[in-house]
Amino acid sequence: MKILIIEDYKPILESVKQLLEEEGFSVDYSTDGEDGLWKATRFKYDTLILDLMLPKKDGLEILKIIRKKGINYPVLILTAKDSIDDIVKGLENGADDYLVKPFALEELLARVKSLIRRYYNKPETEIKIKGWILDTNKKVLKKNDRKLHLTKREYDILYFLLMNKGKVISRQDIWQHLYPYEELPESNVIDVYINYLRKKLKEAGIDECIKTIRGFGYIVDEK
Amino acid sequence: MKNKRFLPDVIFKRIMGFYVIILFFIFLVMLNRIYVATFHTLDRFLDKITDIVEMAIKSHPDTIEDIKDEMKIILETEEKSPDGFLIILNLKTSKSIILPQKYRLPLNYKLLLSKIFNKKFEKKTYFHSYGLKAIRVLAKKIKCSNSTFLIIVGYESWPMWRRFLLTSSYVLLSFIIAFVISYFAVKRILYSILFSLTKFAEYLKKVDLSHFSELKEFRFDRNIEELDILYKTIVELIDRIRKSYEREKQFFSNIAHELRTPIAGLRNTIELAFRKDRTSEEYKKILSKSLDIVLHIQKSFEELRLLAKLENDEKTFQKEKINLKEILNEILNYYTEEIERKKLKINLNLTESFVYASKESVSIILKNLISNAVKYTPNGKFLNISLIKNTLKIENYTSDLKKEDLDKIWERFWQKDKSRSSSGLGIGLNLVKEFARINKIKIKTKLKDRVFSIILIFG
Chain A
73 MKILIIEDYK PILESVKQLL EEEGFSVDYS TDGEDGLWKA TRFKYDTLIL
123 DLMLPKKDGL EILKIIRKKG INYPVLILTA KDSIDDIVKG LENGADDYLV
173 KPFALEELLA RVKSLIRRYY NKPETEIKIK GWILDTNKKV LKKNDRKLHL
223 TKREYDILYF LLMNKGKVIS RQDIWQHLYP YEELPESNVI DVYINYLRKK
273 LKEAGIDECI KTIRGFGYIV DEK
Chain B
55 MKNKRFLPDV IFKRIMGFYV IILFFIFLVM LNRIYVATFH TLDRFLDKIT
105 DIVEMAIKSH PDTIEDIKDE MKIILETEEK SPDGFLIILN LKTSKSIILP
155 QKYRLPLNYK LLLSKIFNKK FEKKTYFHSY GLKAIRVLAK KIKCSNSTFL
205 IIVGYESWPM WRRFLLTSSY VLLSFIIAFV ISYFAVKRIL YSILFSLTKF
255 AEYLKKVDLS HFSELKEFRF DRNIEELDIL YKTIVELIDR IRKSYEREKQ
305 FFSNIAHELR TPIAGLRNTI ELAFRKDRTS EEYKKILSKS LDIVLHIQKS
355 FEELRLLAKL ENDEKTFQKE KINLKEILNE ILNYYTEEIE RKKLKINLNL
405 TESFVYASKE SVSIILKNLI SNAVKYTPNG KFLNISLIKN TLKIENYTSD
455 LKKEDLDKIW ERFWQKDKSR SSSGLGIGLN LVKEFARINK IKIKTKLKDR
505 VFSIILIFG
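Taken in order, these protein sequences are the chains called A and B. Take 73 as the starting number for the first sequence in the working numbering and just add one per residue. Take 55 as the starting number for the second sequence in the working numbering and just add one per residue.
Hints in this document: simulated from the structure, not taken from any laboratory. Some clues are possibly wrong.
Said to hold, decoys possible - Under the rule of at most 30 Å between Cα atoms (straight-line distance), these lysine-lysine pairs were calculated in the DSS-like manner:
#: 1; chain 1: B; residue 1: Lys502; chain 2: A; residue 2: Lys128
#: 2; chain 1: A; residue 1: Lys224; chain 2: B; residue 2: Lys338
#: 3; chain 1: B; residue 1: Lys413; chain 2: B; residue 2: Lys443
#: 4; chain 1: A; residue 1: Lys136; chain 2: B; residue 2: Lys297
#: 5; chain 1: A; residue 1: Lys129; chain 2: B; residue 2: Lys429
#: 6; chain 1: B; residue 1: Lys339; chain 2: B; residue 2: Lys396
#: 7; chain 1: B; residue 1: Lys456; chain 2: A; residue 2: Lys129
#: 8; chain 1: A; residue 1: Lys129; chain 2: B; residue 2: Lys502
#: 9; chain 1: B; residue 1: Lys396; chain 2: A; residue 2: Lys82
#: 10; chain 1: B; residue 1: Lys330; chain 2: A; residue 2: Lys219
#: 11; chain 1: B; residue 1: Lys396; chain 2: A; residue 2: Lys128
#: 12; chain 1: A; residue 1: Lys185; chain 2: B; residue 2: Lys330
#: 13; chain 1: A; residue 1: Lys161; chain 2: B; residue 2: Lys260
#: 14; chain 1: B; residue 1: Lys397; chain 2: A; residue 2: Lys82
Chain B extracted, bound-state conformation (with noise of 0.2 Å):
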């Protein structure tokens, strides 16, 4: 098992290769930055400088001293000159111009001219550090009508590698304080939503589905949308549970009432004849009151095997080719004396048609309707069955019947008329819906002119 680490370092943990990634491209734009501004800068300066004293010395040859003050009006007005020195010295005449005039130039400024003298004076960076700072000097040889021209460029600055230590150091140091103080404020945030979760699962832990009701809300210390979301979601999701719970507790207390109900009556009906000694007539009454009563419960126990076998295992009802009209007929024939009995008028169109489906759940729901319609049709009153192709209709008048209830037709322990006798549980309707949804079976429902129609189409 892995070690349990907590959040925000693991987050910083991710978070650190970022910061050294980014660092390194800060280092590499800063080198170039650098670069630019120790040696391109000057060297374009030098060029430009080069290009005007050549252009000079080339009008005045002799006189160079007359292009001190043009020199001088030009270096005053270009831009982003560097703090610096030109000097401009005639090697053959030995005659120099030293601008500005007023530069104060280093000490040793003698031992660098000279340390260039000895050079072959190409274009070339020369550094002399003094100090913390440094002159960097460039220098190029011109020739031109008989003169040899050596044109001196210096200025101040700092050797490369440490303007770039300093520079690294001030972006190094700001990086390392930002990094603290994120991580501090990020911690410190993290904390408090950890705080608020662990809070939340402490809650959680008290949520007992029974007492739903009793529990009280939640509130984060924190007002944060998504921990909002959250706890909405859980809530919500805890509500679901507890409907489904709720639904399933109910479903039980219901069986229990209505397999309680009829021992009840049971009970009573035999101790009311065991009370003194009756007729034989009387005897009888109560007997036959009490086989309607077991058929009664034996019903409901039929009907609780169906529910708990379509619940276990839904997947055992094979599908096969089966003959729904052969399956009409056998279940019609069982209602015949009843039909007669009631004195129904019914009018059967049955086609042949096969469809496939599981038989038992076919029949189980065929028995189930074909007795609903025999059951609820009032005396002398019509049935129709139709079976067209993979279509059938059962339609019979209904005296009491609303639109309404066509809804609650298919829930659990619904039931009209209360007069429990021999209806069973009230789940014949929900089995029906249920093996119907198994064998994906459509079914529809219609209620117009006291005329209700159930309609099967077999997929």
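So that you can see chain A by itself, here it is in the shape it has in the complex (with noise of 0.2 Å):
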């Protein structure tokens, strides 16, 4: 799962930053408006991290043009202003969610994870398939006792495919949201990594679940 962070304040975009990184997520980052703008609309996310005060362009001007063109990822609005009025604008052009600073860095952590399962439908934080629970918390594939062992991106994957179980995800979907934009995709990583998964899968008996659709991508349906 990727995260856009736009934030002008060095400390709290590092420290956020860093949080996100250590939890999993891929991260990018904006220190002003006009940038921020940019990747956002330009690159897929599964949330955006927005502050309101930015140099060059205001946080809720961001807001709207993103709305406007139709992008649809949740959006998390950090502002330093308690007044309700700006949450309220916040909130009525489009955002999910909001925090106000000083805030603890668990409750947004949370909240992220929150607005990632909402945005893709899975409100459990647990993900079932054929027998296996992917903990979405713990990170781990297990079955009664039984745990599976998965890489970072092993499970990255995995977690993104049953996120969208049901759809054909392209491997450029996937790359898109696993990692930060200035890594050039390389064409085959993600086949690498899928034939890795693939052969852990089956290992544990959980046979042909993600599918190759010639031409698109893959597919992971429980039929």
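Combine the two chains into a complex, taking the hints into account.
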């Protein structure tokens, strides 16, 4: 899952970025409104963390523009002003949640996770797949007492595919949701990870759960 | 405390005085006119007639009858001749001429004549009233060629007091009517204006500075220009007050924001440290970041302290003779390390210079200007400081400052780039401006070919 942070105050930006990275998210960031708007409209994210007071372009304006363009990923606004007006304006213009500075990192994390679950229409924190359970809090795939060890990338890909259960996901989608924008996509990296993942899943007895759709990408289907 | 009085009453009390004075003068004029009408006209008429009669008698002393026709013509052609009669009496022969013949003399005219004959026939006025009217009679005796003639002129007239009474009653009555009408008319107008003003006062009571934009426009019932001017002036005044109130509000909100942001950053940085066990390198990094933030907060508070001092006791800054060069050198020493680190090419041209100003203020001004110059001059570029007589010039290369920024740099919270680490509240230059104002130091800024200069001229 990839998150964009647009925040001009470096200490907050750096803390949030490190927090999310430690939690396994892929993070892009901008320190001003113009660059932030460019990234927000150019790439796909699973959540945007948006400060309202930004140089060059106001946070609220960015919010309006991306919603006008039909970009629908969740937006969490950060504001140092606790006036209800700002929060209401933010929410009315398409924000999904807000936090008032100073906030607790853990709260931010929980809110981001909840936004992502809602975005993919999977309100529960555990995703079931053929008798196995993907625990998104502990980041493990388990069945009763058995645990299947997955690397970070493998877990990320499986998590992303499961969140999009029933939908065809292109390699580019997977790439965009897992890697920061500076990293140029390498054609077969995703395929390699999918292969590893398939092997591990097969060992655990989850057969044929990731299907290849030729020319498009992958799909997870329980049928 | 004085009793509150209703405005129309106050006005009328004043106006009443004028009314009385005007009325007095009008009576004086009236009196004069009446006097002239009663006496003067008749006297002149009599003189004229006497002259004519005298001349006529002198030419035909024995035949007064002959002048009868002549007199008749004269009387008829005489302009403004009063409606009356003329009797010429030859006292020797007892012959008389009564003109006009058809003049209807009052019944007791003989009594009147007898009264006249008993007098000494000096030029005199006699009144003889009958009913409402009266006859004024003037008689004059002239001697000429052995005969004595008596000329009696009479005409219908009112006695003066009656004339005066009647005329003055008209004047008085019209005055009273005019007064009453004007009183009520003015009162009505004043009432409506006062009513509008009272309504306007009610409207003003509702003005809430924090909800000024929601205020509806006020309209006076009457279209009076002065009221509109009053309204516009008050609205403008309110608007000015509101703007300064907004500025003040904005200022505090900005301070709250600018202080809350670093505290939020500090909290998150520390929270991140506690999330899991970290290496000592990571802890060091987090501590160093935290220290930066704390320094930033400290600087902000320092700026706030100065601002508060500035606003509270402007007058406590004692002026004294200070050595500018010495202060400059002290401040520059403080930045030596950073100048070396940034490899700035610094050119100093400082001459001995003494000015009369507050030492604390000047230190604050110079510290802010030099720290800005050092901070915003790109690595390896030049920074010139020259001090000649009372003029200090700080010049530095700038890569991103634009002409249109020059006015904005003095505003509170303005920052060219908002990466706020260690830049304080962004009110440094605003402080410079204020301290310069108090010490009567002129500041000029210039931007030419990427060279930014600030020139201070000490008063």
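Evaluation of the provided hints:
1. At roughly 24 Å between alpha-carbon atoms, Lys502 of chain B and Lys128 of chain A fall within 30 Å of each other, so this suggested pair holds.
2. Restraint check for Lys224 of chain A and Lys338 of chain B: the C-alpha separation of about 27 Å stays at or below 30 Å, so the hint holds.
3. Distance hint between Lys413 of chain B and Lys443 of chain B is fulfilled; the C-alpha atoms sit about 17 Å from each other, no more than 30 Å.
4. Restraint check for Lys136 of chain A and Lys297 of chain B: the C-alpha separation of about 28 Å stays at or below 30 Å, so the hint holds.
5. Only pairs whose Cα atoms come within 30 Å are accepted, and Lys129 of chain A paired with Lys429 of chain B is accepted, the gap being roughly 25 Å.
6. A distance of roughly 22 Å separates the Cα atoms of Lys339 of chain B and Lys396 of chain B; the hinted pair therefore holds under the 30 Å criterion.
7. With a CA separation close to 18 Å, the supplied pair Lys456 of chain B and Lys129 of chain A stays within the 30 Å bound.
8. A hinted pair counts as satisfied when its Cα atoms are at most 30 Å apart, and Lys129 of chain A with Lys502 of chain B qualifies at roughly 28 Å.
9. Under the criterion of a C-alpha separation no larger than 30 Å, the hint pairing Lys396 of chain B with Lys82 of chain A is consistent with the structure, at around 22 Å.
10. Restraint check for Lys330 of chain B and Lys219 of chain A: the C-alpha separation of about 23 Å stays at or below 30 Å, so the hint holds.
11. Proximity of Lys396 of chain B to Lys128 of chain A is assessed by CA-CA distance (about 27 Å); at most 30 Å being required, the pair is judged to hold.
12. At roughly 19 Å between alpha-carbon atoms, Lys185 of chain A and Lys330 of chain B fall within 30 Å of each other, so this suggested pair holds.
13. For the given pair, Lys161 of chain A sits about 27 Å from Lys260 of chain B by alpha-carbon distance, which is consistent with the 30 Å threshold.
14. Using a Cα cut-off of 30 Å, the hinted pair Lys397 of chain B and Lys82 of chain A holds, with the two alpha carbons roughly 25 Å apart.
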